[in-house]
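Asks: For the record, the sequence lines run as chains A and B.
Take 268 as the starting number for the first sequence in the working numbering and just add one per residue.
Take 268 as the starting number for the second sequence in the working numbering and just add one per residue.
In case anyone wonders, no lab produced these hints; they're calculated from the structure.
Ideal Cβ positions, reconstructed from N, Cα and C, are used throughout, including at glycine.
Do not take every clue at face value.
[What the hints assert, rightly or not] Listing some non-contacts, in silico: residues in chain B with all C-beta distances to chain A over 10 Å:
1) Pro270
2) Arg304
3) Pro364
4) Gly403
5) Lys434
6) Leu443
7) Glu505
8) Ile570
[As the list claims (entries may be wrong)] Computed beta-carbon distance windows for the label pairs:
9) B:Asp543 to A:Lys551: 13 to 21 Å
10) B:Ala464 to A:Glu568: 42 to 50 Å
11) B:Asp527 to A:Glu568: 27 to 35 Å
12) B:Glu568 to A:Glu332: 56 to 64 Å
13) B:Asp543 to A:Ala374: 35 to 43 Å
14) B:Ser312 to A:Glu568: 43 to 51 Å
[To be verified] Here are the computed lysine to aspartate or glutamate pairs in the DMTMM-like style, where the Cα-Cα straight-line distance is at most 25 Å:
15) B:Lys365 to B:Asp383
16) A:Lys318 to A:Asp360
17) B:Lys377 to B:Asp442
18) A:Lys269 to A:Glu321
19) B:Lys551 to B:Glu568
20) A:Lys318 to A:Asp344
21) A:Lys365 to B:Asp439
22) B:Lys318 to B:Asp428
23) B:Lys551 to A:Asp543
24) B:Lys365 to A:Glu362
25) A:Lys377 to B:Glu568
26) B:Lys365 to A:Asp428
27) A:Lys365 to B:Asp428
28) A:Lys551 to A:Glu568
29) A:Lys551 to B:Asp402
30) B:Lys377 to A:Glu568
31) B:Lys377 to B:Asp439
32) A:Lys386 to A:Asp428
So you can see what is in the structure, the chains are spelled out below.
2 protein chains.
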Amino acid sequence: MKPLENDTFLRACLRQPTEYTPVWLMRQAGRYLPEYRATRARAGSFLALCKSPELATEVTLQPLERFPLDAAILFSDILTVPDAMGLGLYFADGEGPKFERPLRDEAVIKALAVPDMAKLRYVFDAVSSIRSALDGRVPLIGFSGSPFTLACYMIEGGGSDSFSRVKTMLYDRPDLLHHILDINAQAVAAYLNEQIAAGAQAVQLFDTWGGTLAAGKYQEFSLAYMRRVISLLQREAEGRRVPVIVFTKGGGLWLEDIADCGCDVVGLDWTVSLVDAQRRIGGKVALQGNLDPNALFASPEAIEREVANLLEQTAKAGHVFNLGHGISQFTDPEHVAALVDAVHRRHQFCTAT
Amino acid sequence: MKPLENDTFLRACLRQPTEYTPVWLMRQAGRYLPEYRATRARAGSFLALCKSPELATEVTLQPLERFPLDAAILFSDILTVPDAMGLGLYFADGEGPKFERPLRDEAVIKALAVPDMAKLRYVFDAVSSIRSALDGRVPLIGFSGSPFTLACYMIEGGGSDSFSRVKTMLYDRPDLLHHILDINAQAVAAYLNEQIAAGAQAVQLFDTWGGTLAAGKYQEFSLAYMRRVISLLQREAEGRRVPVIVFTKGGGLWLEDIADCGCDVVGLDWTVSLVDAQRRIGGKVALQGNLDPNALFASPEAIEREVANLLEQTAKAGHVFNLGHGISQFTDPEHVAALVDAVHRRHQFCTAT
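Chain A extracted, bound-state conformation (with noise of 0.2 Å):
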C-alpha cells in the first residue's frame, strides 16, 4: 500500500494537530450528484450498486473527484448485515428499505445468529477495490449500523415515525430486545473487523435511532452495544490506530456517556453547540460535525457565514467538519463545493493572521 498523502482527517479523530480542518460529509456519494445517479442506472438498482465491488468503488470516488475531501467512506447500504442474517432486504420503489422476514416471532428472534462473514464478502472486496482506487489521496471509512438502530429495521421491518414495535419489544420484553442486540453487536464487531482487515483506515457507528429512546433506555439499548462492538474492534491496522467514530443523531443529551464508550470520535447533529460540546467532551474525545444539511439549501455566501460561525467554535485540534446528519438528495452540488472551499480557506484565513 502506498503511504497516506493526506492523514489530516485520522490526525484530527485522534486530537493531534493539522494544518487545517478536514472535512468529509454524511453521504457524500449519492443522489445529489448527477454521476451517481448515472451510475445507479447503470447498476439497475440500489442493491445491485451496493452489492458490485466495482461499482461501489466508482460511486465512492465520485465525490472526491469533485470536491478536495480529507476522507472517503464506503458506499453501501447500513443494512447488509440483517440482510446476511436471512431478513431478506428489498427497496420497495419510493419507500426505503424493508425486510420480508421482519423479526416478530418469538422463535425466530431466538434463532437469530451471527451471519457467516463470507455472505458479506462483497462489501470487503469493495473496501480493497476503495483502497486500491485511492492510491494514498485520503484515508477510507468503513461504517455500520449501530446494534440498535439495525435492531429497528429488523423488528419494524422497514422504517418507521414511531418505532412502536421496537418499543413495545422494549418495554413488554426487554429480554428479546437485548437478545436480538446482543447478535446484532457481536455481529456488527466481526463486519467492522473484516472491513478493517480489508483496508478501511476508520470506522464509524451509524445510530441513527438511539436519539428515538428515552432517557435511560438509550444508555441501556443503544450506547451499552456500541461499547461492546467497540471493545470487540481491531485498533490497529498499518501500523496506524484505527480511529472509531460514533454517531448518534439526537444524542446530544447523552455526550458524556458516549464520549466513555471506548471512540475517539463523537458525530454531533447540529442542534449541540460546539462550544457545549467542547466544553462537556472535548477534553477526552475529537467531535465531528455539525453543520444542518438544510444550510446547504442556502447561498454560498450564507454557506459560508455558517462554516466560519462553526468553526469559530472549535480548537485547532480534534475537530472534523461535517453535517449533522446525511446530505439531502436535492442539493445543489455547488453549494458543496462552496462548504468544503468554506473550511479550507477558513484556515489558510487563521494561519495568515
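Assemble the complex: chain A is given as a structure, and chain B must be docked to it using the hints.
Replies: Then chain B, alone, in the frame of chain A:
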C-alpha cells in the same frame, strides 16, 4: 363560575405543594377514543369539529369521563391562527394539514398581518362552553402553536420531513423569517389572551418543530418569539395566576434557556432525564412530562413500572405528569386508564409509607 374542585394541576404548575402528582396527557381528546371517532364522524370533518363549540366541548370532556385526569385541554387545531390570517387551512385525506396559500412570495410575507380575533370567535366560544360544561371539576388549559412552529406550516404549506423551505429562508433571508415570526408572536399573544379572557386557566405553547433548529438558531428563531408572546400575556384571571407552559419537542439541550423565557412550566420530551431536568431548572420552574407515548403500547404492568421509575425521580412539588409527546391514535384506552391510575396510586403509596 363555580370554584375549582380540583386545582392540583394549577398548584403543581406554580411549584406549590400538592397531595399527589397531577396528570393530563397531550392529545388526550383524540382518535384513540371510540367516542371521539363517533363525534368526529358526526361532525363530518376535522375542521367542522374544531369550528363547532358544541362538538369541541363534547370531545374535550370525553377523556375526563373515562379517566380521573387533573386537567382538560381545549380541543382545537394548532393552525387556527394562520387560517384566520387567510392562508386557507385544509386537510387532504390522510395527509395532515395543508395551506392553500403558503408563504412563498416576499410581497405576501410583507403584507402578513395579525388577524382580526373575531375570525377565531369559534375557539373562544368553545373555551367558554367547555368551562361551563366542566363546572369546576378541573382546570381548562388553552393552547397555541409557537410562532416558529406556525411559521413552519405557513412556509412549507403543510408538514415536512426536512423543513427545507423554512431552513432555506432562515439561512438566506433571516429578515423575512423574522418578519413572519414577529407577526405570529403578536397574533399568538392576542389569541391566548382571548382564550384566557374566555376562561382558560393555564396556557401551553406547543413548539413542535423548534427542536429541528440548530444550536443558536433555536434561541433566535423560536425561543425569542415565545418569550415575546409570554411578555404580552395576561398572567392573572379570576384572581389566580394563569400558568404558562412551554413545550419544545427535542429542546432538552436548551432547558436553561427555556426556563428563562418567562414561563412557569417547562414541558419535557422523553429523551430528558427528570433527575437532570430537576437539577438544571427545577429551582426555577415546574416540570411537565415525560413518558414515551410508545410506552403505552406495552402491558399495564410495564406502564406501571415506567410510571414508578419516573415518579421516583421527581421532587414532591412542581411536577405535572404527562407524556413526552401526544398520545398515539393506536393506543388502547385501557392502557391510558392504567397510566392515570398508576400516577395517582403512586401517591397513595408514598403517603402511606
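Asks: Compare the structure with each hint and give your call.
Replies: How the hints compare with the structure:
1. Pro270: holds, 38 Å
2. Arg304: holds, 19 Å
3. Pro364: Holds: least Cβ distance 16 Å, greater than 10 Å.
4. Gly403: holds, 36 Å
5. Lys434: violated, 4 Å
6. Leu443: holds, 13 Å
7. Glu505: holds, 37 Å
8. Ile570: violated, 8 Å
9. B:Asp543 to A:Lys551: 13 to 21 Å: holds, 19 Å
10. B:Ala464 to A:Glu568: 42 to 50 Å: holds, 47 Å
11. B:Asp527 to A:Glu568: 27 to 35 Å: holds, 33 Å
12. B:Glu568 to A:Glu332: 56 to 64 Å: At 58 Å between Cβs, range holds.
13. B:Asp543 to A:Ala374: 35 to 43 Å: holds, 40 Å
14. B:Ser312 to A:Glu568: 43 to 51 Å: Holds, since B:Ser312 and A:Glu568 (Cβ atoms, about 45 Å apart) stay within the stated range.
15. B:Lys365 to B:Asp383: Roughly 21 Å separates the two Cα atoms, so the pair holds.
16. A:Lys318 to A:Asp360: holds, 18 Å
17. B:Lys377 to B:Asp442: Holds: B:Lys377 and B:Asp442 sit about 10 Å apart, inside 25 Å.
18. A:Lys269 to A:Glu321: Roughly 20 Å separates the two Cα atoms, so the pair holds.
19. B:Lys551 to B:Glu568: violated, 34 Å
20. A:Lys318 to A:Asp344: This hinted pair holds, its Cα atoms lying about 9 Å apart.
21. A:Lys365 to B:Asp439: Not OK: A:Lys365 and B:Asp439 at ~37 Å, beyond 25 Å, violated.
22. B:Lys318 to B:Asp428: violated, 28 Å
23. B:Lys551 to A:Asp543: holds, 22 Å
24. B:Lys365 to A:Glu362: holds, 22 Å
25. A:Lys377 to B:Glu568: holds, 24 Å
26. B:Lys365 to A:Asp428: Holds. B:Lys365 to A:Asp428 sits at ~19 Å (cutoff 25 Å).
27. A:Lys365 to B:Asp428: OK: A:Lys365 and B:Asp428 at ~19 Å, within 25 Å.
28. A:Lys551 to A:Glu568: violated, 34 Å
29. A:Lys551 to B:Asp402: Violated, at about 59 Å.
30. B:Lys377 to A:Glu568: holds, 24 Å
31. B:Lys377 to B:Asp439: Between B:Lys377 and B:Asp439 the Cα gap is close to 16 Å, so the pair holds against 25 Å.
32. A:Lys386 to A:Asp428: Given pair A:Lys386, A:Asp428 is violated - Cα atoms ~31 Å apart, limit 25 Å.
Checked against the numbered hints given earlier, this structure breaks hints 5, 8, 19, 21, 22, 28, 29, 32; the rest are met.
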